[in-house]
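Chemist: Each protein sequence line maps, in turn, to chains A and B. Take any residue in the first sequence, count from 1 to its spot, add 462: that is its number in our numbering. Take any residue in the second sequence, count from 1 to its spot, add 685: that is its number in our numbering.
Wrong hints could be hidden among the right ones.
Claimed, not checked - Stretches of chain A that chain B covers, calculated by requiring three or more beta carbons in the stretch to come under 8 Å of a beta carbon on chain B:
{"no.": "1", "region": "527 to 535"}
{"no.": "2", "region": "738 to 748"}
{"no.": "3", "region": "773 to 779"}
For the record, the hints were derived by calculation from the structure and aren't laboratory data. We put the CB at the ideal spot given by N, CA and C, even for glycine.
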Amino acid sequence: MDIAEFRAELHAWLDAHHDEVAPPFAPPGTLDERIAQMQRVKGILYEAGWMRWGWPERVGGLGGSPLLRTELGAAMAARGLADPGVYSLVEVLAPTLIEFADPDLAADWVPKLLSGEEMWCQGFSEPGTGSDLATLSCRAVPDGGDPETADTWVINGQKVWTSLAQYSQRCVLLTRTGTPESRHRGITAFFVDMDTPGITISPIEMINGEHEFTEVFFDDVAVPADRILGGVHGGWGVAMSILPYERSSCFWQRIAYLYPRVQRLVDAVGDDDRAAEAVGNAFLALHTVRSRSRATQHRLAAGATLGADTSIDKVLMATAEQTLYDAMRKCAPGVIELEDGAAGDIARIEYLYSRAATIYGGTSEVQRNIIARRLLDLGEDR
Amino acid sequence: MDAADRSLLEETVRDAVTAAAVDGDRVDGVLAELGWLEMLEAEPRDAVEIVFTALGLVNGVAGVLDDVLATALGVTSSPEVAVLLPRFGSWAAPGGEGLLSVRAATASVVLVVDGDGIATVPIGALEVTPVRGADPAGGLHRVRVVGSTDAATPLADGAWDAAVAAGRRALGHQVAGATRTMLDLARSHALDRVQFGRSISSFQAVRHKLAEALVAIEGLEATLGAAWDDGTPITSALAKAAAGRTARSVATHCQQVLAGIGFTTDHPFHLYLKRTMVLEGLFGTADAIVLDVGRELIRTRTVPTLIEL
Numbered sequence: 463m464d465i466a467e468f469r470a471e472l473h474a475w476l477d478a479h480h481d482e483v484a485p486p487f488a489p490p491g492t493l494d495e496r497i498a499q500m501q502r503v504k505g506i507l508y509e510a511g512w513m514r515w516g517w518p519e520r521v522g523g524l525g526g527s528p529l530l531r532t533e534l535g536a537a538m539a540a541r542g543l544a545d546p547g548v549y550s551l552v553e554v555l556a557p558t559l560i561e562f563a564d565p566d567l568a569a570d571w572v573p574k575l576l577s578g579e580e581m582w583c584q585g586f587s588e589p590g591t592g593s594d595l596a597t598l599s600c601r602a603v604p605d606g607g608d609p610e611t612a613d614t615w616v617i618n619g620q621k622v623w624t625s626l627a628q629y630s631q632r633c634v635l636l637t638r639t640g641t642p643e644s645r646h647r648g649i650t651a652f653f654v655d656m657d658t659p660g661i662t663i664s665p666i667e668m669i670n671g672e673h674e675f676t677e678v679f680f681d682d683v684a685v686p687a688d689r690i691l692g693g694v695h696g697g698w699g700v701a702m703s704i705l706p707y708e709r710s711s712c713f714w715q716r717i718a719y720l721y722p723r724v725q726r727l728v729d730a731v732g733d734d735d736r737a738a739e740a741v742g743n744a745f746l747a748l749h750t751v752r753s754r755s756r757a758t759q760h761r762l763a764a765g766a767t768l769g770a771d772t773s774i775d776k777v778l779m780a781t782a783e784q785t786l787y788d789a790m791r792k793c794a795p796g797v798i799e800l801e802d803g804a805a806g807d808i809a810r811i812e813y814l815y816s817r818a819a820t821i822y823g824g825t826s827e828v829q830r831n832i833i834a835r836r837l838l839d840l841g842e843d844r
Numbered sequence: 686m687d688a689a690d691r692s693l694l695e696e697t698v699r700d701a702v703t704a705a706a707v708d709g710d711r712v713d714g715v716l717a718e719l720g721w722l723e724m725l726e727a728e729p730r731d732a733v734e735i736v737f738t739a740l741g742l743v744n745g746v747a748g749v750l751d752d753v754l755a756t757a758l759g760v761t762s763s764p765e766v767a768v769l770l771p772r773f774g775s776w777a778a779p780g781g782e783g784l785l786s787v788r789a790a791t792a793s794v795v796l797v798v799d800g801d802g803i804a805t806v807p808i809g810a811l812e813v814t815p816v817r818g819a820d821p822a823g824g825l826h827r828v829r830v831v832g833s834t835d836a837a838t839p840l841a842d843g844a845w846d847a848a849v850a851a852g853r854r855a856l857g858h859q860v861a862g863a864t865r866t867m868l869d870l871a872r873s874h875a876l877d878r879v880q881f882g883r884s885i886s887s888f889q890a891v892r893h894k895l896a897e898a899l900v901a902i903e904g905l906e907a908t909l910g911a912a913w914d915d916g917t918p919i920t921s922a923l924a925k926a927a928a929g930r931t932a933r934s935v936a937t938h939c940q941q942v943l944a945g946i947g948f949t950t951d952h953p954f955h956l957y958l959k960r961t962m963v964l965e966g967l968f969g970t971a972d973a974i975v976l977d978v979g980r981e982l983i984r985t986r987t988v989p990t991l992i993e994l
């Protein structure tokens with residue numbers, strides 16, 4: 463299906479079904495309410511077919527360019543039907559299952575994620591493992607000692623910053639299966655059921671008062687060998703495969719989410735040049751990342767392999783998001799800092815969340831390291 | 686034009702512009718031989734991207750901006766035709782006072798746009814003074830219309846806005862080329878320069894400045910692509926604003942990395958710095974465009990997404 467045609471039909475459908483898909487609560491709502499809303503809307507959109515476009519037919523999709531599903535996520539973000547940060551787990555984890563899981567497993571599980579029946583989380587970071595992911599130490603050992611013949615693997619260790627684990631039925635989990643020094647060569651990915659005995663989840667309160675992140679503890683957690691994604695010691699490839707989606711479709715959706723925030727800003731400000739300058743700067747930064755991201759989506763859809771070049775998108779994205787929320791704070795002094803009503807809550811939650819834009823998904827410093835080494839070919843940094 | 690043709694043309698234009706700039710020949714003549722005007726008519730996007738990027742990359746000077754503007758105003762261009770540019774920092778139709786490009790050297794007539802329309806004025810009827818300023822090699826002239834000119838012909842609605850947009854895109858590509866060269870110069874210096882027993886390119890503080898410069902340039906090029914795809918004046922305005930911001934950011938980072946040598950006229954960096962300082966003022970500085978766009982968003986209380994997948 464043609465992308466412009468899809469967009470027009472999708473928006474017409476969303477207009478016609480506005481009452482059905484709109485959140486049943488007044489914004490901002492609680493995280494519980496927002497997650498329930500997202501899953502409900504995914505169900506409605508799956509039923510109506512929209513949620514299936516852009517996904518392969520072998521996992522319950524209707525085929526077509528991946529741009530179609532990118533467009534759907536953007537429409538949901540722009541209309542306030544689902545938070546792009548929360549929704550992004552669909553964009554990053556479904557492709558992982560499709561690429562690396564046994565085809566039957568993928569055919570069974572991906573429709574559950576798309577239709578809102580399930581949520582999945584991504585267990586990558588650890589207390590000692592942030593930017594340098596290859597040092598992770600959460601351990602998986604084959605039951606009986608032989609990785610070739612074991613039916614079960616036993617996992618021990620801890621993950622942190624695991625988004626939405628408390629709501630998730632499954633987890634794409636990276637574990638250490640090689641020696642502690644094996645770095646990226648000794649990592650294996652598992653698709654773990656979150657109700658397996660031995661898993662404990664402890665939510666972390668973020669600076670905006672929400673509990674999106676968790677710590678997840680694994681204490682002798684037994685996982686069947688057929689839940690290995692990408693083979694034993696193939697986990698690094700699984701982790702790296704997520705990057706193109708995290709930096710393409712997810713960004714397009716976050717950008718779509720930010721335009722209504724600029725609208726909120728221009729609706730609120732007075733007609734003065736100080737406000738105009740702040741609005742103009744935010745709009746320029748957002749237009750710049752939208753322009754860049756648009757080109758990236760088209761490259762991905764044309765079959766290009768995305769790599770270090772998406773570090774540019776990440777830096778532009780973080781800059782745009784923080785420029786916008788800085789403009790909001792500048793133009794409406796006292797709202798974020800003092801106001802206790804819903805408008806204050808929304809502005810505060812979003813503003814504080816935006817402080818992480820230069821941190822999550824690879825810090826801006828790590829992005830600049832990648833740009834320097836891989837795109838500018840400046841050699842080693844030591 | 687397919688990718689291979691385009692790549693060949695890029696190389697040809699860059700080599701020709703470089704050779705002409707080095708020999709002191711007129712770059713205009715070289716571009717004319719390559720069929721610039723025909724290319725501008727047949728494939729305007731490729732033509733403008735390739736020629737203006739090349740000018741930026743090698744710090745070349747040519748009257749090609751006049752061709753872009755004349756064409757956008759619906760006038761058949763030639764080396765005989767110049768277009769009066771708005772005053773420095775402005776994009777309003779210039780009327781009685783403005784700037785001329787290096788085209789002043791060959792032009793016999795100047796297209797003067799004001800609120801009433803467009804007039805074709807013999808160059809002899811204008812007071813034309815060469816500008817030295819920060820960039821004496823840039824070829825700009827200050828112009829005043831003295832005495833009365835023939836009555837202006839009305840312009841089609843939006844024709845001046847379209848010319849401004851076309852000029853902004855062209856200048857945006859020139860800035861993209863110039864900043865690419867600044868980054869190349871700083872990168873080479875960082876790799877070659879050894880201090881404390883190691884190449885300074887191994888210091889993270891230096892690497893991050895160069896990375897920031899690349900982010901800005903890639904962002905600018907993306908806005909230029911969006912401006913061509915979209916075609917409405919606002920995306921070209923935003924691309925020119927991005928060009929101004931990029932020029933300042935890249936110049937600052939690269940100058941810091943180049944340090945002492947970049948502060949001398951022995952090194953070519955200063956030529957690019959000064960050229961982009963002048964280019965920023967043509968058809969609006971970044972600050973002025975950003976303010977204008979912000980005012981418009983607030984006035985209309987509307988925030989368009991401008992470009993779609």
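Chemist: Hint by hint, note whether the structure agrees.
Modeler: Hint check:
1. With 3 residues carrying a beta carbon less than 8 Å from a beta carbon of chain B, the region 527 to 535 of chain A meets the three-residue requirement, and the given coverage holds.
2. Evaluation of the coverage hint for the region 738 to 748 of chain A: fulfilled, as 8 residues show C-beta separations to chain B shorter than 8 Å, against a requirement of three.
3. With 3 residues having a Cβ less than 8 Å from any Cβ of chain B, the region 773 to 779 of chain A passes the three-residue criterion, so the hint holds.
Consistency note: the structure conflicts with none of the earlier hints.
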